[in-house]
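Student: Here's the letter readout for the chains.
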Amino acid sequence: MAAEFPAHHYLNDGYGIRSWLLTRDHKRIALLYLAAITVFFFVGGAFAVLIRLDLATPPGDVVSDDTYNQLFTMHGVVMVFFFLIPAIPAILGNFLVPLMIGAKDLAFPKLNLLSWYIYMAGGLMGVYVLLTGSLDTGWTMYAPLSTRFSTTRVAPAALAVFVTGFSSILTALNFIVTIHRMRAPGLTWFKMPLFLWSTYATSLIVILGTPVVAITALLIFVERLFRFGFFDPALGGDPVLFQHLFWFYSHPAVYIMILPAMGVISELVAAFCRKPVFGYSFVAFSSLGIAVLGFLVWGHHMFVAGQSVYASLVFSMLSFLVAIPSAIKVFNWTATMYKGSVSWDTPMLYAIGFIGLFTIGGLTGLFLASIGLDVHVHDTYFIVAHFHYIMVGGTIMGYLGGLHYWWPKISGRLYPEGLSKLSAWIIFIGFNLTFFPQFILGYLGMPRRYHAYPPEFQVLNVLSSAGASILGFGYLLPMFYLAWSLRYGRPAGANPWGACGLEWQTTSPPPTENFAVTPTVTESPYHYPSPAVKHVA
Amino acid sequence: MFDIPLFPERASTIAGEVDALYFFLVGLTGFFSLLIAGLIVTFAIRFRRRHPDEVGAQVHGGMLLEIGWTAIPFLIVMVIFFWGAKVYLAMANPPDETLNIYVVGKQWMWKVQHATGQREINQLHVPVGRPVKLIMTSEDVIHNFYVPAFRVKADVIPGRFVQIWFEPTQPGTHRIFCAEYCGTEHSGMIGEVVVMEPTAYQTWLSGGAVEGSLASTGAKLFADLACNTCHRPDSRGRGPVLEGVFGHPVQLQDGSVVTADENYIRESIVQPAAKVTAGFQPVMPAFQGLVTEEQLLALVEYVKSLSSEEQALPVTRQP
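Sequences listed follow chains A and B, in order. Numbering-wise, this note's numbering puts 526 at position 531 of the first sequence, and it's gapless, one number per residue. Counting from 1 along the second sequence, just add 3 to a position and that's the residue number in this note's numbering.
Keep in mind that the hints were calculated from the coordinates and are not lab data. Incorrect hints may have been included.
Stated by the list, open to error - Counterexamples of contact, computed for chain B against chain A with all Cβ distances above 10 Å:
# : residue
1 : Pro8
2 : Leu28
3 : Thr32
4 : Ser36
5 : Arg52
6 : Leu68
7 : Arg154
8 : Val244
9 : Gln274
As the list claims (entries may be wrong) - Below, a list of computed lysine to any residue pairs in the SDA-like style, where the Cα atoms sit at most 25 Å apart:
#  : chain 1 : residue 1 : chain 2 : residue 2
10 : A       : Lys334    : B       : Arg51
11 : B       : Lys109    : A       : Phe475
12 : B       : Lys278    : B       : Thr262
13 : A       : Lys186    : B       : Leu67
14 : A       : Lys416    : A       : Ser460
15 : B       : Lys223    : B       : Gly64
16 : A       : Lys105    : A       : Met115
17 : A       : Lys334    : B       : Thr262
18 : B       : Lys89     : A       : Ser303
19 : A       : Lys416    : A       : Phe475
Bear in mind that the values here come from a model prediction, so they are computed numbers and not experimental data. For glycine and all other residues, C-beta sits at the position ideal for the given N, C-alpha and C.
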């Protein structure tokens, strides 16, 4: 039975540039974010390719020292602030939060559009930094390197971070109010899809944490331009204070990046096993647990930074505790698959990849929480490998899995199944080849952010660079076939996966107002069989 | 060509303890990764969808399982916590008797100053089998002194002293890396530790042009900078007597008490008004920017030498 493409939907409700740039439809704003964030992803990715190319040989003979330092700095800044933090909330969250709760839009549609403009303003400032001398302080911008010694564009970069933060804050505010106030009749908190729980937890972190990094960026700006001594000891400041302020936000920011992906994985596992998520309330509360504990562990970034022995011991213990809610999620996802009806569709491949890679990423975090071992591997490639397992193996896998799951809803069309599965495999293999050797390099002692390195590290670096070329190729494929499907894909129908969830009860693509009639919720979010399953058959 | 190194050399007393914890965690990671991966793959195959309209069993959860997979990981991580803390405390607390050597980091080199007067750049000669304590500071940005073969590192921070200690177990040469990104030539800030047999070390110490011990350089500076007009051995100067001060508690004007460690001496030279000894006026000029980090080391070493029982008390403790 061929699915019909709806006659009226949000994509054909108005044409022309104004209908997009002045839209208040959360779905169109999600697509505006998708376009901008995809550009930043490939810019940041291009920097990574150059980094890995340069590291293929020990002397680093592709680019100069300064260029290399700018490459890894801008790779970090672009990927963290302009891709990883906004990706899932601003694209999938924007698109899905109203649909999942049966609402017409977010609580503040104009504020939502403003968030996008602020994001673009911050992004353009980032581009300005890039084009007028770049930044070479590392994305961490440690003082006094950033406030006195660097000759690059630190002040505008700090402002870009400051501005971009407000985009996250406004989006988070919008989500929190929407989830509190606009749920459909009958949709109680414990009938919400887990993606909403993780979005809610993430929004709390954003609202509490982002102002701190905004202030920190501002202090860098003021110290650099006006020589106020906050951090530079030559001016009477304390360089370690900067690290406390920076990590007070930037460790929770790790959870801002990974929690939404965890929410996506909960949805994927349920939909492709056609089964309720095992231990729903444990998975939901573990998100809140991560949000709270995540604020208390920043000191584990500073075990070798002159922090007191006792502070380090406390931070170490708390860091071990934050591992528990993550472990609970992994065990519950695995248990969900037991006696499920497991399909091998592309989104599920990403979900499986996520669980495996996140498990390794999480367990290697234990190495770093344990102080006696962290002293050795701190600031080596072991750290680089660990956080890429979380950020790339976790967040990006979750993002791509979510994008493939909801793409038929977003675009109303199906993408080529075989090619998308092949891409998922290529990405999985490329990822592991890129980052697994870096664990070994790290334990051998190769420091991170090294443009040149001693020859004994070469073989592992070549493996990593080879993996990066596979990974880069893998990321290009979805961009092409998803774009292709916009025009040539078969119409998806309202519910191509036979999944539960309010978003699948409306047409694909949905109408501007989302639902013809406001839905009433009586069942738990994963009450299979969904009404549509028989339909699909 | 293709022999891939997997493991760094082990050349200090602490290295074995770090490695033991590492192997335990590698085993743990391997076990749980394979367990989860094995279960996922098994479930994905065994419970694969056989008909398009098939659904999974409507299982919602199990309290015993939830308690189990919360409690067991909790117990495991607490074991790791205490183990890691034990290794760390050993790194953070040097033995009483150590060979003290000063290190100054600057963009992009390591400058080493021995108490006996020898200076080195990007090289550090130490004897085997004797605990060595490095007292370190930076002239500019934050650096990090890292010797993978010893499994120790510490940020080297401008404006203060930090310390690490290690006891080399075999003669040989090991790399020193800067492990905190410090600007353009960060990756060129590489040196080497040369671990020598005690006799060879003695020969090395006696060779090399030496202008006298570090303390004697400090004594000369102490006179050149006219410190000795106020800090006199008798108690008639305008400043406190420095003999016997190092390593002992000092009563301050505001009533608090600090221990006169290297960081206190250093601060009292560059910012004397910060912590004024009780009974004295804040009349001493600040030497911030007037003395180099190396001159500061010499002055600190001289003040230390004025205390009969030279006993290094904690600086900022760092492994």
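Student: Run every hint past the structure and note whether it holds.
Tutor: A quick look at each hint next to the structure:
With 10 Å as the threshold on Cβ separation, the claim that B/Pro8 sits away from chain A is violated: the shortest Cβ distance comes to roughly 6 Å. Residue placement check: B/Leu28 does not keep its beta carbon more than 10 Å from all beta carbons of chain A (closest about 5 Å). A beta-carbon of chain A comes within 10 Å of the beta-carbon of B/Thr32; the shortest separation is about 4 Å. At the 10 Å boundary, the C-beta of B/Ser36 falls inside the reach of chain A, the nearest C-beta of that chain being 5 Å off.
Its beta-carbon lying about 5 Å from the closest one in chain A, B/Arg52 breaks the requirement of being farther than 10 Å from that chain. Look at B/Leu68: its CB is around 7 Å from the nearest CB on chain A, not clear of 10 Å, so calling it non-interface is violated. Against chain A, the non-interface label of B/Arg154 is violated: not every CB pair exceeds 10 Å, the least being about 4 Å. Distance check for B/Val244 against chain A: the nearest CB is about 28 Å away, which clears 10 Å, and the non-interface claim stands.
Residue placement check: B/Gln274 does not keep its beta carbon more than 10 Å from all beta carbons of chain A (closest about 8 Å). Taking the CA atoms of A/Lys334 and B/Arg51, the gap is near 9 Å; set against the 25 Å cutoff, the hint holds. Taking the CA atoms of B/Lys109 and A/Phe475, the gap is near 49 Å; set against the 25 Å cutoff, the hint is violated. For the hint linking B/Lys278 to B/Thr262, the alpha-carbon distance of about 11 Å falls within 25 Å, and the restraint holds.
Pair hint A/Lys186 plus B/Leu67 holds up; C-alpha atoms about 23 Å apart against a cutoff of 25 Å. Taken as a hint, the A/Lys416 and A/Ser460 pair is honoured in the structure, with Cα atoms around 24 Å apart against an allowance of 25 Å. With a C-alpha separation of about 77 Å, the suggested pair B/Lys223 and B/Gly64 falls outside the 25 Å cut-off, and the hint is violated. Of the supplied pair hints, the one linking A/Lys105 and A/Met115 holds, its CA atoms being roughly 15 Å apart against a limit of 25 Å.
With a C-alpha separation of about 66 Å, the suggested pair A/Lys334 and B/Thr262 falls outside the 25 Å cut-off, and the hint is violated. For a cut-off of 25 Å, the pair hint linking B/Lys89 to A/Ser303 stands: about 15 Å separates their Cα positions. About 14 Å separates the Cα atoms of A/Lys416 and A/Phe475, which keeps this hinted pair within 25 Å; it holds.
The structure shown violates the earlier hints numbered 1, 2, 3, 4, 5, 6, 7, 9, 11, 15 and 17.
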